[in-house]
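Colleague: Using the sequences plus the hints, can you model the full thing?
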Amino acid sequence: MRPTIAVLAVALSGILPSVPAARASEVLLTVQAAGDAAPVELDLQALSAMTPVEFDTTTPWTDGKHHFTGVPLKEVLASAGITEGTVRAVALNDYAVDLPVAELDDTAPIVAYHLDGQPFGIRQKGPLWIVYPYDEDSRYQSETAYGRSVWQLNRLLAK
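The sequence shown runs -24 to -1, 1 to 135 under mature numbering (1 follows the signal peptide of the UniProt record, and there is no 0).
Think of the hints as simulated: they come from the structure by calculation, not from any bench.
If you're wondering where the values come from, they're calculated on a predicted model, not measured in any experiment.
We put the CB at the ideal spot given by N, CA and C, even for glycine.
Any given hint could be a false lead.
Simulated restraints, written as ranges between beta carbons of each label pair [as the list claims (entries may be wrong)]:
| hint | residue 1 | residue 2 | range |
| --- | --- | --- | --- |
| 1 | A78 | E30 | 30 to 38 Å |
| 2 | T120 | N69 | 18 to 26 Å |
| 3 | W37 | R64 | 17 to 25 Å |
| 4 | D39 | G11 | 37 to 45 Å |
Modeller: Dropping the structure here:
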């Protein structure tokens, strides 16, 4: 008799690393400044080492209020030397939007790496999502902010 997938999963669970631990060293975001600068590759550990920002908010794409933890997008860009101009945020599915760096606040939007206290996967719009505290300010409840809320974010490219 062959073991079922469930039995194999349980048997292997003690051997294989957990998903969050495995993702800690995986490159999640590539940030490319203009010119010949080398790209900056950030994993969960590098993002977590930056200034954390947390807030609870509803979104147009999820049910109810959720707790988001991340790092200010402005700080992520500065880590690659991008402090002015425009940056293109690109998702895994190649959805892209341009964001003027001058319009970024010191604490919003964030590049969220935790949803409700946990790393989150592609099915939950992760592992990275540009999120605004939509409930805190009416300027974040606009088509502009919604359009800039790139989920499954994997690249930031200076233009």
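Colleague: Which hints from the list above does the structure break, by number from lowest to highest?
Modeller: Result: hint 1 breaks, nothing else.
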